[in-house]
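Trainee: So the chains spell out like this:
Number of protein chains: 2
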Amino acid sequence: MARIALDAMGGDHAPQATIAGALSALSELGQAHSIQLVGRSEVIRKHLDAGLAGEFDSMVNARERLEIIEAPDVITMTDKPAVVIRGKPKSSMMVGLTLQTTGKSDAFVSAGSTGAQMAASTVLFKLHPGLTRPAIGTILPTARKPVVMLDAGANVDCSPDELVQFARLGTVYAEDILVRSNPAVGLLSIGEEPEKGNAAVKEAHQLLKKADLNFVGNMEGRDVLQGENRRGPVDVVVCDGFVGNVLLKFYESVAPLMLAILKKKAGIDWRKIEPGLRQFDPSEVGGAPLLGVRGVSVICHGASSPRAIKNAIVVALRAVESQMTDHIGKRLMQGSGAGT
Amino acid sequence: MARIALDAMGGDHAPQATIAGALSALSELGQAHSIQLVGRSEVIRKHLDAGLAGEFDSMVNARERLEIIEAPDVITMTDKPAVVIRGKPKSSMMVGLTLQTTGKSDAFVSAGSTGAQMAASTVLFKLHPGLTRPAIGTILPTARKPVVMLDAGANVDCSPDELVQFARLGTVYAEDILVRSNPAVGLLSIGEEPEKGNAAVKEAHQLLKKADLNFVGNMEGRDVLQGENRRGPVDVVVCDGFVGNVLLKFYESVAPLMLAILKKKAGIDWRKIEPGLRQFDPSEVGGAPLLGVRGVSVICHGASSPRAIKNAIVVALRAVESQMTDHIGKRLMQGSGAGT
Numbered sequence: 000m001a002r003i004a005l006d007a008m009g010g011d012h013a014p015q016a017t018i019a020g021a022l023s024a025l026s027e028l029g030q031a032h033s034i035q036l037v038g039r040s041e042v043i044r045k046h047l048d049a050g051l052a053g054e055f056d057s058m059v060n061a062r063e064r065l066e067i068i069e070a071p072d073v074i075t076m077t078d079k080p081a082v083v084i085r086g087k088p089k090s091s092m093m094v095g096l097t098l099q100t101t102g103k104s105d106a107f108v109s110a111g112s113t114g115a116q117m118a119a120s121t122v123l124f125k126l127h128p129g130l131t132r133p134a135i136g137t138i139l140p141t142a143r144k145p146v147v148m149l150d151a152g153a154n155v156d157c158s159p160d161e162l163v164q165f166a167r168l169g170t171v172y173a174e175d176i177l178v179r180s181n182p183a184v185g186l187l188s189i190g191e192e193p194e195k196g197n198a199a200v201k202e203a204h205q206l207l208k209k210a211d212l213n214f215v216g217n218m219e220g221r222d223v224l225q226g227e228n229r230r231g232p233v234d235v236v237v238c239d240g241f242v243g244n245v246l247l248k249f250y251e252s253v254a255p256l257m258l259a260i261l262k263k264k265a266g267i268d269w270r271k272i273e274p275g276l277r278q279f280d281p282s283e284v285g286g287a288p289l290l291g292v293r294g295v296s297v298i299c300h301g302a303s304s305p306r307a308i309k310n311a312i313v314v315a316l317r318a319v320e321s322q323m324t325d326h327i328g329k330r331l332m333q334g335s336g337a338g339t
Numbered sequence: 000m001a002r003i004a005l006d007a008m009g010g011d012h013a014p015q016a017t018i019a020g021a022l023s024a025l026s027e028l029g030q031a032h033s034i035q036l037v038g039r040s041e042v043i044r045k046h047l048d049a050g051l052a053g054e055f056d057s058m059v060n061a062r063e064r065l066e067i068i069e070a071p072d073v074i075t076m077t078d079k080p081a082v083v084i085r086g087k088p089k090s091s092m093m094v095g096l097t098l099q100t101t102g103k104s105d106a107f108v109s110a111g112s113t114g115a116q117m118a119a120s121t122v123l124f125k126l127h128p129g130l131t132r133p134a135i136g137t138i139l140p141t142a143r144k145p146v147v148m149l150d151a152g153a154n155v156d157c158s159p160d161e162l163v164q165f166a167r168l169g170t171v172y173a174e175d176i177l178v179r180s181n182p183a184v185g186l187l188s189i190g191e192e193p194e195k196g197n198a199a200v201k202e203a204h205q206l207l208k209k210a211d212l213n214f215v216g217n218m219e220g221r222d223v224l225q226g227e228n229r230r231g232p233v234d235v236v237v238c239d240g241f242v243g244n245v246l247l248k249f250y251e252s253v254a255p256l257m258l259a260i261l262k263k264k265a266g267i268d269w270r271k272i273e274p275g276l277r278q279f280d281p282s283e284v285g286g287a288p289l290l291g292v293r294g295v296s297v298i299c300h301g302a303s304s305p306r307a308i309k310n311a312i313v314v315a316l317r318a319v320e321s322q323m324t325d326h327i328g329k330r331l332m333q334g335s336g337a338g339t
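Listed in order, the protein sequences are those of chains A and B. Heads up, the first sequence is in numbering that gives the first Met the number 0, so the first residue is 0 and it goes up one at a time. Heads up, the second sequence is in numbering that gives the first Met the number 0, so the first residue is 0 and it goes up one at a time.
Take every hint as true, because none was put in to throw you off.
Identical copies look the same in the list; a pair holds intra-copy or inter-copy alike.
Below, a list of computed lysine to aspartate or glutamate pairs in the EDC-like style, where the Cα atoms sit at most 20 Å apart:
1) K79 - E194
2) K45 - D11
3) K195 - D78
4) K79 - E191
The hints are simulated quantities; they were obtained by calculation from the structure and are not laboratory data. Here the structure is a predicted model, which means the values were calculated and not measured.
Between the sequences and the hints, there should be enough to build the whole structure, so can you do that?
Mentor: Here it is as structure tokens:
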């Protein structure tokens with residue numbers, strides 16, 4: 000039985016998209032699980048009672064499994080993370096996260112300001128010992144199974160040791176969320192040979208070879224969409240947050256643009272093409288858990304659709320049920336014990 | 000009147016693809032221009048006389064405009080650049096480049112080993128004063144006009160000054176090859192704000208603001224395919240060679256994969272889709288001039304098709320006709336004079 004708190008006010012299309020996503024998750028998740036909609040309760044109630052009421056009432060026990068948690072403060076896109084933490088304790092972000100630290104919730108999901116969510120999650124949950132910053136693990140669709148890429152933007156100048164930490168965090172993510180056994184870790188670089196790459200990547204390669212991980216060597220940009228390198232399938236793609244963020248945002252732009260171009264072509268039934276291309280839209284996958292914090296905080300794309308929100312809630316539930324946070328703590332302790 | 004030397008033996012599909020590309024270029028270029036096919040002459044002659052003879056003979060003055068230059072040494076994919084330079088002076092790469100240093104040719108094009116071509120071009124042509132390494136400028140198709148991205152893999156750990164040099168090199172490239180006036184330079188980063196990015200990018204942003212260039216600020220991964228950032232169209236995308244190489248190889252994998260996926264879907268006429276997707280295949284654009292060397296050396300993708308080879312020859316011709324190498328020298332001198 001898990002209680003998932005959702006930031007009802009966060010995201011470009013909130014609260015419509017967040018509430019619709021919550022209802023979609025409620026109908027899909029097992030009946031033992033509940034959702035806490037955090038935000039301005041009168042706004043949330045208005046949306047629930049109006050457009051969505053019919054859908055809502057058709058679900059079994061929906062009203063029992065949906066709680067509204069009042070959070071009157073509103074975060075704006077220009078609010079700095081420090082302002083959110085110190086000045087807006089009653090925002091949906093802070094209230095939602097605090098539910099977890101006080102034992103009233105098991106996970107938090109938001110499509111609001113990523114910077115504020117990272118900072119607030121780190122301050123409220125604290126980091127596992129040995130970590131200096133959390134990392135963002137993002138699921139990327141590939142021609143094979145999805146992979147988790149990290150870091151996707153939380154850490155820009157990374158040391159070789161930090162890249163190894165990402166490999167550990169990603170391994171647990173792949174085990175617990177993607178349900179892979181002995182996940183294969185690839186290091187993003189500019190050639191398959193160990194001597195290819197920038198200084199940090201070359202040193203990380205040597206450290207990863209010695210670490211207690213299933214390291215399968217470097218992978219190149221062309222391997223990411225394939226979901227494999229020359230040695231076989233990959234589950235975890237390790238890179239610094241600068242490269243990861245550039246690549247993720249580039250990838251997110253591909254399917255929408257291809258679709259727009261093909262829609263303009265005469266004689267193409269783009270409705271048949273759309274599902275084929277949409278499966279390659281990372282923003283539709285939804286839900287990047289902030290890895291390294293001692294709690295569950297799932298970051299969504301600002302432009303999240305109801306489907307993306309629903310998917311993020313599923314990710315949060317898997318993180319809770321698999322006890323991912325505990326596993327990460329154990330994995331990091333193993334790493335420091337092994338001296339890598 | 001330009002003489003373009005083509006490495007007939009370089010590339011995964013050589014000499015078939017290189018010779019076919021040369022013939023295609025001969026028929027497309029003005030009759031004043033000639034091509035020098037560099038490689039093992041008996042092999043080249045056999046291919047010309049056999050399968051391609053019919054196509055060849057139908058062209059006006061083709062035989063007068065096509066010269067075969069003997070180069071008996073063969074470069075293997077495992078040859079280190081130093082081995083090529085010192086140990087294989089009669090390879091097609093070394094002979095083709097030397098034609099230019101001895102005044103017998105105006106440009107060199109190869110789909111062979113990129114590392115060997117970079118090293119050999121730098122040794123034989125020398126760099127413009129003030130540069131420590133050359134950069135690879137690659138054309139990327141976008142939803143608008145193509146952009147030039149650099150560096151695409153020659154320089155992995157870049158200083159802020161080197162990123163500014165890439166901006167200068169790319170500006171001349173955009174003027175001379177893409178025929179843009181006052182090219183707009185974007186700096187690849189992880190947010191539009193100047194304070195977003197890794198350490199080198201943040202400092203480069205400040206230097207670029209003061210440089211005598213049309214700097215339009217940061218661009219994000221999602222802006223690349225659009226060919227614009229929030230401030231408008233972009234002509235030059237500046238990044239270090241690690242990020243650039245990862246992004247280029249990722250981009251190159253997109254169109255082929257999308258096509259493969261859509262081909263498998265029932266009810267989709269993929270032949271109608273193919274041209275729409277193929278326009279977003281950077282490997283079909285063909286031809287990345289090595290920027291910063293005092294000569295014209297155009298690098299092609301190893302897997303270049305005849306069309307890509309033909310396109311690269313066109314790029315080489317534009318570089319010659321526009322006197323790009325001289326312009327780069329002048330632009331770099333302006334830069335050092337302005338104290339940036």
